[in-house]
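The primary structure of each chain is shown beneath.
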Amino acid sequence: MLTIATGNKAVAAAVKAARPGVVAAYPITPQTEIVEQIAEYVTDGDLESRYIPVESEHSAMAACIGASVTGVRTFTATSSHGLLYMHEMVHWAAGARLPVVMANVNRALGPGWNTWAEHTDAFSQRDTGWLQVFVGTVQEAYDATLMAFKIAEDERVLLPVMVNLDGFSLSHITQALDTVDIGDFLPPCHLPHAIDTENPLGYGPMTGPADYFRFRWDIERSMRDARGVIAEVEGEFCERFGRSYGPTEDYRCEDADVVVVAMGTLGKEAEVAIDRLRDEGIKAGSMRLRWFRPFPDLDLAGRDVVVIDRDYSFGFGGVVAHSIRSKAGVSPYSVIAGLGGQEVTYNDIADFVRDRRPGEETWFGVNDHV
Amino acid sequence: MYEIRIHSRGGQGGVTAAKLLALAAFRDGKYATACPFYGAERRGAPVVSFVRIDGEPIKIYSQIHEPDLVIVLDTSIMDVVDVLQGLKAGGTVLLNSAHPITGCNGASLHVDLTGIALAENLVVAGSPILNTPVLGALAKMGIVTLPSAEQAIREMFADERNVKAARAAYEELKA
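Protein chains in written order, with my numbering: chain A, 24 to 393; chain B, 5 to 179.
No wet-lab data here; the hints were simulated from the structure. Hints are supplied without guarantee of correctness; some may be wrong.
[Unchecked claim] Pulled from the structure, derived: some chain A residues nowhere near chain B, Cβ distances all over 10 Å:
no.: 1; residue: Thr55
no.: 2; residue: Glu59
no.: 3; residue: Glu63
no.: 4; residue: Leu107
no.: 5; residue: Gly231
no.: 6; residue: Tyr235
no.: 7; residue: Glu259
no.: 8; residue: Lys291
no.: 9; residue: Asp302
no.: 10; residue: Ile305
no.: 11; residue: Leu323
no.: 12; residue: Gly338
no.: 13; residue: Arg348
no.: 14; residue: Gly352
no.: 15; residue: Glu366
no.: 16; residue: Tyr369
[Said to hold, decoys possible] Stretches of chain A that chain B covers, calculated by requiring three or more beta carbons in the stretch to come under 8 Å of a beta carbon on chain B:
no.: 17; stretch: 116 to 122
no.: 18; stretch: 147 to 155
Glycine included, each C-beta is placed from N, C-alpha and C at the ideal position.
Let's have the full structure, built from the sequences with the hints guiding it.
Written out as C-alpha cells, the structure reads:
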C-alpha cells in the first residue's frame, strides 16, 4: 500500500509485518514514535505481541534477551543515551547468538544535551558483534527492518542486527512509503539453541579460555558468512518486492575521479551534490555506505575519496575515514560534519569535493584544514 | 522543485500542516517530503516546518534556505523572526490575517484562517486549528488540487468540519 510516513512510522510498520512475539522498550527522543506506534498496534489488536514497557534500556535489552533465548522473535528501539545505557546487554545479545533486531535512531551524546543526528552512538557499539546497517530513506527504513529479521535469524548468522536511521532528519521526515504483503518472506523464527521451558536444564555459566576463544571465533566466522547471507536476502527482497539494495548505494561512480563516501541522510543528499558537480564538468560520484558491520569490500583505488564522518573518535579521527583508510587502502579527505545535527546541505557537500585535500582532515565550519 | 517554509508557534499545527500538504501533493501524484525542524521549542515558541514538492524523488534532507513560498500561520512571529529571509525573487508569502500586512514584499496573500477555524468551532485546547483550513488556501493557489487537499484531510482527521474549513479558505482567498 502506497502512503506517506515518517522514518519512525516506517520502522513500526515493518515490525508489525514481521510479527515479533515480544517487544520490550523504553522511550527516548527521537525514537519514541516507533515504540508508541508499536504499543498502539498491540493495544488495537493489529499486532499480536507481548509489549513489555520496562523501566530502562538496560532492562529493555535484557527482556529481549530473555525472550529471544526461548526462540521468540524480538524487537526493541532506542537512541543515543538509551543505547549506551544498554551497552552491557548489547554485548550479551551477540555473545549469546540471539537474533534480536533493534532500531537505533542515531542521536548525539550529551553533554551538551542534544537530540539531533550523529552516528557516534552506533559506532560506540561497533565491537559488540551486532550487524549494523544505516538507511537513507523512509522506504529503506521499512525494507531494512524487514530484512534485518531474516538476516539475524538465518542459522548461518544468528547475530543481532541494528538498523540505524538519522534522528529527526530521517526519523521525523515524511516521505513516500510502500508497505508490502510480506507473504512467506519471513519464515517463523527458529533458534537451534533455544531453551525448552517444558524441559528445563541447567547450563554451566563459566566458560574456560579455550571454549570462550572458540565462541569468539565463531562470532567472527558468522560475521564473515553474514556478507553472503545479506546479499542473498537483499536479492530475494528485490525479486519479491522490486527494490534493490547492496552493501553500498553507488551513484554515478563508474567513471568518477572523485567519490564521496557518507552514511545515512548525508549519503543520500550527496547524490544532489554529485549532479551539481557533474554539471560543472567534475567527474564525481557518491558511495553511501549502508552496511558498517560486517564492513564491505570497497573499490575505491585510484580515485580521490572524500569521506564525511558524522561521528568522531577523539584523539584519532573520523571512524568512517579510518575504516576506509585501512580497508580500502586509500588516503581520503576526511570531513567531520553534521555532529549534533549540524546543518550540512548538498552545496556544502559539493564544496567538500571542490576543496578536497586528500590525506587531510577538516571540521566543517569550525576550523581550517588541520 | 517547489519549496515551502511554514512559520508557526508550537501547538498551532505547523508540523501537521506540513504533513497534510505533503500528503495532498502525494495524492496529486507528485513526490513530496515534509520535514519539521525541531528545536528546543515548546508551546508558543516560534517553530518552522519545510515542505518540498517535485516531479522526481526528493533526496534533500537539509533545511530550506531559499523558499518559493513562505506561510505564516501566526503573524505575531514577524516581530521576532524574519519570515522573508531567503525568499526567492518572485516568491510568495501567505499570511493568516484578515487584512494585508505592509512590509511584506513580493506577492503577499492573506486569508483569515483563524476566523474560519473559529466559525467552524475548530478549537483544540483553546487554540484554533489552522492546519486544515490552510490546505484550502494552498489549493486555491494551485500548490495542490482541492480534491487531493480534501482527501489528505480526511485521511488524517475524521471530523468533516476540517474539510468545510478548507473549502471556506479556498473560497475566501483572493489569489
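Outcome of the hint check:
no., hint, result
1, Thr55, "holds, 12 Å"
2, Glu59, "holds, 16 Å"
3, Glu63, "holds, 15 Å"
4, Leu107, "holds, 21 Å"
5, Gly231, "holds, 50 Å"
6, Tyr235, "holds, 44 Å"
7, Glu259, "holds, 24 Å"
8, Lys291, "violated, 5 Å"
9, Asp302, "holds, 15 Å"
10, Ile305, "holds, 18 Å"
11, Leu323, "holds, 22 Å"
12, Gly338, "holds, 30 Å"
13, Arg348, "holds, 27 Å"
14, Gly352, "holds, 29 Å"
15, Glu366, "violated, 6 Å"
16, Tyr369, "violated, 6 Å"
17, 116 to 122, "violated (count 0)"
18, 147 to 155, "violated (count 0)"
The structure is inconsistent with the numbered hints 8, 15, 16, 17, 18, although it conforms to all the rest.
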